[in-house]
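Asker: Listed here are the chains, written in short residue letters.
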Amino acid sequence: LLTADQRTAHNSADLTAAVEGARRGDAESFRVLYRDAQPRLLRYLAYLVDSDAEDIASETWLQATRDLHAFHGDYENFRGWIATIARHRAMDHLRRRSRQPISIPMPIEDLTDFAGPDDTASRAIEAITTDSALRLIATLPPDQAEAVLLRAVVGLDAKTAAALTGKRPGAVRTAAYRGLRTLAKRLASAEDQAAS
Amino acid sequence: MRTRHTHRITRRTAEQLLSGSARSGPEQLIDVLNAATAPAREGELAGEQAAMAALAECEATLPFVANHLGPAATPGERKMFRLPLAKVLTVKALAWSLVGLVTAGAAAAAGTVALSSLGSASRDTGVSSGSAAAPRVHPALAGNAAQGAARGIARGVLPAAAGSARPASLPHSQPLSPVQLCTDLTSKVEAAIGDTEGDDTESEQALASPSLATVLSSPAFEPLITKVDDAAAVPDYCGLLLSLPRVPVPGALTQVPASVLDSTLASLPADRLAQVFGSLPAGTLSRVLGGLPSAELGNALTSLPAADVTMILTTLPDPAAGMILTALPTSALGTVLTELPASSLDQVLTGLPTSTLGSLLVALPSSTATEILSKLPSTVLSGLQGALPSSILSQLPLNLTTSWGGASPP
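Listed in order, the protein sequences are those of chains L and X. Following the working numbering, the numbering of the first sequence begins with 1 at its first residue and continues without gaps. Following the working numbering, the numbering of the second sequence begins with 1 at its first residue and continues without gaps.
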């Protein structure tokens with residue numbers, strides 16, 4: 001995963017070319033797409049379906065390989081497209097399991113030492129790993145957490161994220177901003193506690 | 001600059017944070033977001049090989065669906081319905097698609113929607129030559145098979161059916177026609193460059209686009225390149241096949257081998273042919289026409305309206321016009337010249353070297369030669385009389401000499 005600047009500078013055209021190649025069935029192009037998108041999907045799906053993320057990601061790719069020929073667009077569109085498939089698959093999965101649509105994204109065994117948002121924030125500061133960062137984001141209210149994940153981790157713009165979640169772009173923007181402010185607040189207070 | 005403590009994040013900062021381009025903002029939050037978007041960790045790409053296998057299997061079972069039964073009609077397909085020949089080809093393509101689907105249906109262990117819905121057709125019709133090569137899956141089980149394949153991907157294991165469905169063993173691998181390939185090529189380039197309207201102009205632009213090279217490099221389009229010997233000739237070949245009003249890369253039309261070009265031109269409707277010729281620079285036009293076998297050249301020129309033939313012959317440099325006219329079979333030459341209006345005939349014939357003109361006239365049946373010459377103004381005729389060698393003059397029909405005599409009193 002790269003920052004948006006790097007994506008724009010190096011990858012956007014390459015990835016769009018990869019989308020075209022993959023549509024034609026070119027294996028190496030598909031591999032490029034997979035390597036870029038799969039970590040994004042897994043991290044987003046982990047929030048939606050916990051430890052079933054890998055299975056749902058696999059179903060997502062299976063459907064994507066089948067339907068890729070009908071997809072039209074650049075790489076930004078592709079990311080929105082496959083994230084949409086992933087979310088539908090996750091929601092189907094959750095309906096099958098009769099769960100709440102949004103749940104806390106961590107393995108059951110980790111729940112025992114889950115003390116609360118501030119505690120998670122403290123741990124995130126100690127050693128910011130990908131897991132701890134995702135866990136911290138997951139402590140946000142559901143709409144904020146999903147907005148931050150879709151925008152920052154999956155890499156969608158507000159409009160695409162809105163279409164995907166059935167919300168208005170403005171609502172997604174606001175949810176993501178609020179999420180960031182909440183995270184910043186928690187991180188700051190955790191740091192203050194650590195300092196005192 | 002990065003700040004340690006701030007709860008005030010502006011919308012602009014938030015946008016930068018979300019897009020990963022923030023250069024200022026709360027330090028800890030930036031670190032958290034960077035960690036959340038860190039490069040793939042070991043294990044996150046564990047399913048890659050299985051996903052690749054699933055792709056390979058889809059490619060093996062679905063090419064016709066991909067190319068011809070997609071939800072959106074490609075620009076080429078919409079255009080094709082206007083042409084009787086293309087209509088036939090489209091029907092054939094659909095027929096092949098269905099055969100491919102029906103026979104390959106049983107191989108679809110991955111259980112696609114399209115295949116599972118057609119699976120029953122496979123049983124009913126008994127058209128299932130692919131079943132020997134691939135395990136049969138009851139349509140009702142297709143969903144389970146998909147689920148199983150998905151689980152396989154999750155564990156980094158190849159789906160069970162991946163090894164049994166090889167492209168070579170499936171009957172759908174019947175090659176696509178050049179028209180189908182060109183349609184596919186055009187729509188893929190259009191998609192790559194963001195054109196979606198798909199009118200003739202955009203198809204031309206797509207075929208002339210630099211993006212074409214990338215799309216064309218796919219093995220799927222190899223037959224096209226093989227057909228015309230050179231990738232540079234593909235855009236124009238496709239332009240002609242798809243009956244576009246102008247060739248996409250006029251200068252490259254001469255790259256198309258004459259044998260391919262003449263059969264392609266022969267299949268174009270006359271009005272389109274005239275448009276295409278009219279869009280070519282004179283140099284290219286003369287090389288193209290001069291490269292055609294005489295029979296095809298004759299067909300091309302006699303099928304065109306006289307005005308277009310005139311335009312073509314008068315556009316060409318004189319030596320080229322002469323070469324083309326002398327290359328025409330006698331019957332075609334007669335038709336072309338007698339159909340030309342007197343003013344154009346004058347222009348065309350007087351532009352020719354006299355030796356060429358002489359051999360043209362001698363080659364024609366005398367009645368035709370007479371008809372042609374009788375259209376010419378007397379000044380031109382007398383000029384010819386003086387210019388043509390007596391060996392030629394003696395072979396010209398008697399009544400022609402008479403008319404000459406009448407036209408130029410002593």
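Derived by calculation from the structure, the hints in this document are not laboratory data. There's no promise every hint is true.
To be verified - Below, computed lysine to aspartate or glutamate pairings styled on EDC-like, alpha-carbon distance capped at 16 Å: (1) L:K159 <-> L:E76; (2) L:K185 <-> X:D31; (3) L:K159 <-> X:E15; (4) X:K227 <-> X:D199; (5) L:K167 <-> L:D157; (6) X:K375 <-> X:D318; (7) L:K167 <-> L:D143; (8) X:K227 <-> X:D262; (9) L:K185 <-> X:D262.
Unchecked claim - Facing chain L, according to a computed beta carbon distance under 7 Å, are these residues of chain X, among others: (10) I9; (11) A14; (12) V32; (13) A35; (14) L45; (15) E48; (16) A51; (17) M52; (18) C58; (19) E59; (20) A191; (21) A192; (22) I193; (23) S218; (24) G291.
We put the beta carbon where it would ideally sit given N, CA and C, even for glycine.
Asker: Please go over all the hints and tell whether each is borne out by the structure.
Answerer: Evaluation of the provided hints:
At roughly 11 Å between alpha-carbon atoms, L:K159 and L:E76 fall within 16 Å of each other, so this suggested pair holds. The straight-line distance between the Cα atoms of L:K185 and X:D31 is roughly 14 Å, inside the 16 Å bound, and the hint therefore holds. About 13 Å separates the Cα atoms of L:K159 and X:E15, which keeps this hinted pair within 16 Å; it holds. With a C-alpha separation of about 26 Å, the suggested pair X:K227 and X:D199 falls outside the 16 Å cut-off, and the hint is violated.
For the hint linking L:K167 to L:D157, the alpha-carbon distance of about 13 Å falls within 16 Å, and the restraint holds. Taking the CA atoms of X:K375 and X:D318, the gap is about 20 Å. The hint is violated against a cut of 16 Å. Between L:K167 and L:D143 the alpha-carbon distance is near 10 Å, which keeps this suggested pair within the 16 Å criterion. At most 16 Å may separate the alpha-carbon atoms for a hinted pair to count; X:K227 and X:D262 meet this at roughly 13 Å.
Proposed proximity of L:K185 and X:D262 is contradicted: the alpha carbons are some 75 Å apart, above 16 Å. With a least beta-carbon distance of about 5 Å to chain L, the hint placing X:I9 at the interface is held under the 7 Å criterion. Given hint, X:A14 at the interface with chain L, holds; its Cβ is 4 Å from that chain's nearest Cβ, closer than 7 Å. Checking X:V32 against chain L by beta carbon gives a least distance of about 5 Å; that is within 7 Å, so the hint holds.
With 7 Å as the threshold, the beta carbon of X:A35 comes within range of chain L, its nearest partner Cβ sitting at about 4 Å, so the hint holds. A least Cβ separation of about 6 Å between X:L45 and chain L falls short of the 7 Å threshold, and the interface hint therefore holds. Annotation: interface hint on X:E48 holds; nearest CB of chain L at approximately 6 Å, less than 7 Å. Because the smallest distance between the Cβ of X:A51 and any Cβ of chain L comes to about 4 Å, under 7 Å, the interface hint for this residue holds.
For X:M52, the interface hint holds, the least distance from its beta-carbon to any beta-carbon of chain L being 6 Å, beneath 7 Å. Here the hint on X:C58 is kept, as its CB sits about 5 Å from the closest CB of chain L, short of 7 Å. Residue-level restraint check for X:E59 holds (minimum Cβ-Cβ distance to chain L is 4 Å; threshold 7 Å). Because the beta carbon of X:A191 sits about 5 Å from the nearest beta carbon in chain L, less than 7 Å, this interface hint is met.
Annotation: interface hint on X:A192 holds; nearest CB of chain L at approximately 5 Å, less than 7 Å. Hint on X:I193 is violated. Least Cβ distance to chain L is approximately 10 Å, over the 7 Å limit. For X:S218, the interface hint holds, the least distance from its beta-carbon to any beta-carbon of chain L being 4 Å, beneath 7 Å. Interface restraint check for X:G291: the shortest CB-CB distance to chain L comes to about 33 Å, outside 7 Å, so the restraint is violated.
Violated hints, listed in ascending order, are 4, 6, 9, 22, 24; each of the other numbered hints is respected by the structure.
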